[in-house]
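> Now for the letters of each chain:
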Amino acid sequence: MHWDWAVAAEVFPRLMAGLVVTVQATFVGAALAYALGLVLAILKMSENRAVRWTVYWLSEFIRRTPLLVQLYFLFYVLPDLGLFLSPFLAGVIGLGLHFSTYTSEVFRAGIENVPKGQWEAAKSLNYTMAQTWTRVILPQSIPPMIPPLANYLITMFKETPLLAAITVVELFNAANIYSNSYYKYLEPMTLVGALFLLVSIPSAYAAMWLEQKYSRRN
Amino acid sequence: MELIVEFYPLLVKGTLLTIELTVVSAVIALAISFTVGLARLSRHWIVRTLALIYLEFFRGTSALVQMFFMFYVLPLLGISLSPFLAGVIACGFNLGSYGSEVVRGAIKSVGKGQSEAAHSLNYTSYQRYRYVLIPQAVPMMIPPFGNLLIELMKLTALTSLITLSDLTFAAQIIRSQTAMTLEPFLLILVIYFLIASVLVGFTDWLAKSIAKRRGMTPVRTN
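Chains E and A, in that order, give the protein sequences.
The first sequence begins at 1 in the working numbering and counts up one residue at a time.
The second sequence begins at 1 in the working numbering and counts up one residue at a time.
To be clear, the hints were calculated from the coordinates, so they are not data collected in a lab.
Fair warning: this is a prediction, and the values are worked out from it, not measured in the lab.
Just so you know, even glycine gets a beta-carbon here, dropped at the ideal spot from N, CA and C.
Just so you know, not all the hints are guaranteed correct.
Between beta-carbon pairs, the in silico distance windows are [what the hints assert, rightly or not]:
1. A:VAL5 to E:GLN212: 54 to 60 Å
2. E:VAL23 to A:LEU41: 32 to 38 Å
3. A:ARG48 to E:TYR56: 24 to 30 Å
4. A:SER125 to E:VAL23: 41 to 47 Å
5. A:LEU41 to E:GLN140: 23 to 29 Å
6. A:LYS208 to E:TRP53: 56 to 62 Å
7. A:LYS108 to E:MET129: 39 to 45 Å
8. E:TYR56 to A:TYR126: 25 to 31 Å
9. A:TYR131 to E:LEU198: 22 to 28 Å
10. E:GLN140 to A:SER125: 41 to 47 Å
11. A:LEU81 to E:TYR56: 39 to 45 Å
12. A:ILE46 to E:PRO13: 27 to 33 Å
13. E:ASN126 to A:HIS119: 56 to 62 Å
Per the computed footprint, the stretches of chain E lying under chain A, defined by three or more beta-carbons under 8 Å from a beta-carbon of chain A, are [stated by the list, open to error]:
14. 12-22
15. 63-73
16. 102-114
17. 134-141
18. 196-206
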């Protein structure tokens, strides 16, 4: 088995098209994971015990079951219940939902790390709830959240090949489709691996840089 | 309910295979975690560099890509792996890279004085790790290892894509034979959740029992 540059050149444009879909899925999925994660975090800190309990076990359920099965669930089950999603949409919803249970822990820890005195100070200044959040709590809790949230972005990027299982033609699936039609596995798969490294290694070092930058302030 | 009765053997087989995959790849991942994690702390730069390359490679590419590479590409290079072997190696190698960071981090977080004390007692490098650093680092590794174990268990679902008949595969078979969707997928989600919950319970128990034992016995001096 020899490396064939002609095959590599032929498959490369398809991989690039796939990479675009991968990046889109990563960012849309991450946006969803961040938004939902914040909602979950706030609900987890609710005064109401029933709400806390429900949200805790719901997110544990999502966290302890495979993303692949959740994607199948969204892809196969929802249409039977009358809800039709495109494969891409099902994929990003699955990604977002799965990782919101991880990001919610980041948000919760970030918010809980703000000292209690800050809440009391806001109260003594007669701040409204909205002012307390936007002027006191969030400005202090967001910077330490940035590095772990960036890390989850990278994790989600590496999880996007699962979307191939529900027919999304992202980077991995683009290679897989080519491989299955021409029986060439070496070049496409190797290139996919290389492209993943090319994106994820610099991103990981960028995340580490963020970590150093924001940990110095605390 | 009928579904469970009719497909009982398939579901049991799938559950057992998922558990088997989890256990075998956890053993591989644990061995790699320590090997690579300790190699990253080595005195020799070649060992450190090789370990770093391993880490970046397996952490930087996607698990599914690694699994497909092992299943479809390695045979072309003359290495044929059974689906089971390709599955456990991919899962174990992938999680092992994350685990190596846990090992390295835990050992590095043991106080520097401990390392110096071992030096001053003229311990060899082996003795220093074996009797001083690793025993103190292990309790710190348990909680993050527990999280990785859950990730590993979830990762085994990917093996259904390289023809292994695990739980996820069982659900796919049921779907294609009965056209039912909600029941099989909800059922296996619950089974996965139960397996994960047992693993969480096991990790908690392990963390507690180690802490208890360490708390009760005085610190050994040898």
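> Determine for every hint whether it applies to the structure shown.
So, going through the hints one by one against the coordinates:
1. A:VAL5 to E:GLN212: 54 to 60 Å: Since the Cβ atoms of VAL5 (chain A) and GLN212 (chain E) sit about 58 Å apart, the hinted range of 54 to 60 Å holds.
2. E:VAL23 to A:LEU41: 32 to 38 Å: 36 Å, holds
3. A:ARG48 to E:TYR56: 24 to 30 Å: 41 Å, violated
4. A:SER125 to E:VAL23: 41 to 47 Å: 45 Å, holds
5. A:LEU41 to E:GLN140: 23 to 29 Å: 36 Å, violated
6. A:LYS208 to E:TRP53: 56 to 62 Å: 23 Å, violated
7. A:LYS108 to E:MET129: 39 to 45 Å: 42 Å, holds
8. E:TYR56 to A:TYR126: 25 to 31 Å: 45 Å, violated
9. A:TYR131 to E:LEU198: 22 to 28 Å: Violated: the Cβ-Cβ distance is about 43 Å, outside 22 to 28 Å.
10. E:GLN140 to A:SER125: 41 to 47 Å: 44 Å, holds
11. A:LEU81 to E:TYR56: 39 to 45 Å: 40 Å, holds
12. A:ILE46 to E:PRO13: 27 to 33 Å: 39 Å Cβ-Cβ, so the 27 to 33 Å window is violated.
13. E:ASN126 to A:HIS119: 56 to 62 Å: For HIS119 (chain A) against ASN126 (chain E), whose Cβ atoms are near 59 Å apart, the range 56 to 62 Å holds.
14. 12-22: Violated, because only 0 residues of the region 12-22 of chain E bring their Cβ atoms closer than 8 Å to Cβ atoms of chain A.
15. 63-73: Coverage by chain A holds for the region 63-73 of chain E (10 residues, Cβ < 8 Å).
16. 102-114: violated (count 0)
17. 134-141: violated (count 0)
18. 196-206: holds (count 5)
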